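Can you build the whole structure from these sequences, using the hints too?
Protein chains in written order, with the working numbering: chain A, 1 to 104; chain B, 105 to 493; chain C, 494 to 660.
Any given hint might turn out to be false.
Claimed, not checked - Rough simulated footprint, nothing fancy, chain C against chain B, three-plus residues with beta-carbon under 8 Å: (1) 227-237; (2) 258-266.
To be verified - Computed cross-link-like contacts, EDC-like style, restricted to lysine to aspartate or glutamate with a CA-CA straight-line distance of at most 16 Å: (3) A/Lys98 / C/Asp630; (4) A/Lys92 / C/Glu573; (5) A/Lys28 / A/Glu97; (6) C/Lys619 / B/Asp263; (7) B/Lys188 / B/Asp213; (8) B/Lys341 / B/Asp148; (9) A/Lys28 / A/Asp95; (10) B/Lys226 / B/Asp213; (11) C/Lys582 / A/Glu97; (12) A/Lys28 / C/Glu576; (13) C/Lys574 / A/Glu101; (14) C/Lys619 / B/Glu328; (15) A/Lys28 / C/Glu638.
Worth flagging that the hints you see were computed from the coordinates, not collected in a lab. Remember, predicted model here, so these are calculated numbers, not experimental data. The C-beta atom is built at its ideal place from N, Cα and C for all residues, glycine as well.
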Amino acid sequence: MIHIPITHLISISTLMFFIGIYGFITRKNLFTILMSTELVLNAGALNFVAFNKYFYPDNLQGHFFALFIISVAAAEAALAIAIIIAIYRNFKNIDAEKINEMKY
Amino acid sequence: METLQLFKILPEKIYFQNIPYLPGFRKMVGWNLDFSTLTRNIHDSLFSFFSPGLASAAEMVIIGLCFLTFFALLGLILVYAERKVCAFFQLRLGPMRVGFWGTAQTFADFIKLLLKEPLTTKNADKFLFNLAPFIVIVASFMAVAAIPFAKGLHAVDLDIGIFFITAVSSIGVVSILLAGWSSNNKYSLIGAIRSGAQILSYEISAGLALLTIIILTGSLQLSEIIESQRTGWWIFKGHIPAIIAFVIYMIAGTAETNRGPFDIAEAESELTAGFHTEYSGIKFAFFFLAEFVNMFIVSAIAATVFFGGWMPFHIGNFTFFNHLMDFIPSVVWFFGKVSLIVFLMMWFRWTFPRLRIDQLLTLEWKYLMPISLVNFLFMAFISLEGWYF
Amino acid sequence: MNQVVFYFLSAVILVFSLLTVTSSRILRAAVYLLFVLIATAGIYFLLGYNFLAGVQLTLYAGGIIVLIIFAIMLTGSAGEKLERPSLNKFLLAILISLIGTVTSLILFFAYHSFPVIGNEIPATVKMVGASLINPGDNGYVLPFELISVLLLAAIVGAIVIAKKATR
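As structure tokens, then:
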């Protein structure tokens, strides 16, 4: 693993993070927004793991952070999907821009 | 050449064999149990011929080819066994025409499937439609790779072994959902949704049942799980909770493979064929093969965790008996156990009537999951008090 | 060998995460996301964190993605085509992402002397398990308990939110 420079790993996680941000801004469907969020969280976890592996291999803090990020992502996805289904039931629509009843 | 040498050592060892229970005897019977010599020889000769990078690549190719062959053989044998077992349960003969007792029947069927035209429905999402069979086959491929077949015959021995197998086989659900949706057919969609709900639910109690035994083994690594059963299989050593866990695992495993009384995803009388209604030719063959391989995987995990995998039947430190059992090769033990459990699953399929979807979910969420959670606690208590053998 | 696998996985991650956010079919986007997550699990395997990779496969690939696909089918939106973003939004998003990427990458590549500490400890399952319930140094019992409470809250919350309102 030493043959791969850490900058490459971090570049990947950075690119993944900002691709997620891009999706978060451009998408309108709630599910795709959720997917972009998952990308962002995943990039964060990968970053934690990379720093852990290269700089502090004598303990596992980054590893555990990634583990907790994954569990939080699971909780978040479950809640988000429940909310999306509730929204769909009330509005028959899951487009983020058309759910604007609370706007006025 | 290497194998020849392997067998040349054999008579000498038999010749010098002492009374069975003398120390060092295990080393002598090692010849018929241990595949690690063979695999190490192949490994060494590959690394002496090629550069390390090329050699490891060659190794991967060889292992991949072995697994491909194994997959094809497994599919052929299991399909034949299924048809015969079904026939005998219904007092019929089953396939008899092609080959001796119909043994070549599945081979002929396989050729027919290969020659068929792969159809695609109109307005289907072609990419997902073609992708789904590959996901399911890759998932079961990866799961099989981590299973130990005999002593030393183990492709990868991950330290998360059993967790890896359950993790990888859970990806198969995605392909079922995709196949059902992209077929553009309401029967397929209903079948896929049913199957998704079913597999997602039953994964929980299957995992909990396995965890119950993991408390005793103290390791997720498959080789260590097997090694911990040197003095007896967990189903005997773990007594009551282990038996409960085994029953729960068998129910959940049957449900996870969409078989037996839980085959509502492809209930013929309601949904024609469920999620693979629209598939034909080689793509259908992939689903079909994956179904049987998944059955093998579930049985292999059950055999490994509850019945000691390739470990022969040992009773405590009763050395004479244990050595007697060691004479049966480990491959025979493993495949014997697996085929018994596979037979059990076929027995379920042709005996019980099919469940309804609400009954199915009630069974999981109201009965199996609470029981397995309580059983888990019970096992933890037993392990804490040391009340197992 | 490791390098080949690593760059292959990175290529998979980049290509499919781009496709995830640009694909116009929602179900395909979910499948591309699945590939990204599996490739990330592969990188964890390469780094030697097997348990983390297993968790990633089970929870993300086997759990969250299946849940998302299931919910997409339930809401009946699987077949519809997503509309393209408006030009303003597209430009804004591109601008933000580009600025962010370039800034972070310049910072990373400018900072040459990363300190590397030796004494690598393998992240075996035993280590992970022992650390998770260890209340002392390098122990994570508090976050572990917090996460379990959070998951319980999430279960209850999800059920309450998604349940049909009874009147």
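Hints and how they fare:
Coverage of the region 227-237 of chain B by chain C holds [criterion: at least 3 residues with CB-CB distance below 8 Å; count 4]. Evaluation of the coverage hint for the region 258-266 of chain B: fulfilled, as 3 residues show C-beta separations to chain C shorter than 8 Å, against a requirement of three. A distance of roughly 50 Å separates the Cα atoms of lysine 98 of chain A and aspartate 630 of chain C; the hinted pair therefore is violated under the 16 Å criterion. A threshold of 16 Å between alpha carbons decides the hint, and for lysine 92 of chain A with glutamate 573 of chain C the separation of about 14 Å falls inside it, so the pair holds.
Restraint check: the Cα-Cα separation between lysine 28 of chain A and glutamate 97 of chain A comes to about 7 Å, which is no more than 16 Å; the hinted pair holds. Taking the CA atoms of lysine 619 of chain C and aspartate 263 of chain B, the gap is near 9 Å; set against the 16 Å cutoff, the hint holds. A distance of roughly 15 Å separates the Cα atoms of lysine 188 of chain B and aspartate 213 of chain B; the hinted pair therefore holds under the 16 Å criterion. Taking the CA atoms of lysine 341 of chain B and aspartate 148 of chain B, the gap is near 39 Å; set against the 16 Å cutoff, the hint is violated.
For a cut-off of 16 Å, the pair hint linking lysine 28 of chain A to aspartate 95 of chain A stands: about 6 Å separates their Cα positions. Between lysine 226 of chain B and aspartate 213 of chain B the alpha-carbon distance is near 27 Å, which puts this suggested pair outside the 16 Å criterion. With a CA separation close to 13 Å, the supplied pair lysine 582 of chain C and glutamate 97 of chain A stays within the 16 Å bound. For the proposed pair lysine 28 of chain A and glutamate 576 of chain C, the alpha carbon gap of about 8 Å is at most 16 Å, so the pair holds.
For the hint pairing lysine 574 of chain C with glutamate 101 of chain A, the CA-to-CA distance comes to about 24 Å; that exceeds 16 Å, so the pair is violated. The straight-line distance between the Cα atoms of lysine 619 of chain C and glutamate 328 of chain B is roughly 13 Å, inside the 16 Å bound, and the hint therefore holds. Of the pairs offered as hints, the one joining lysine 28 of chain A and glutamate 638 of chain C is violated, with about 36 Å between alpha carbons and a cut-off of 16 Å exceeded.
Violated hints, listed in ascending order, are 3, 8, 10, 13 and 15; each of the other numbered hints is respected by the structure.
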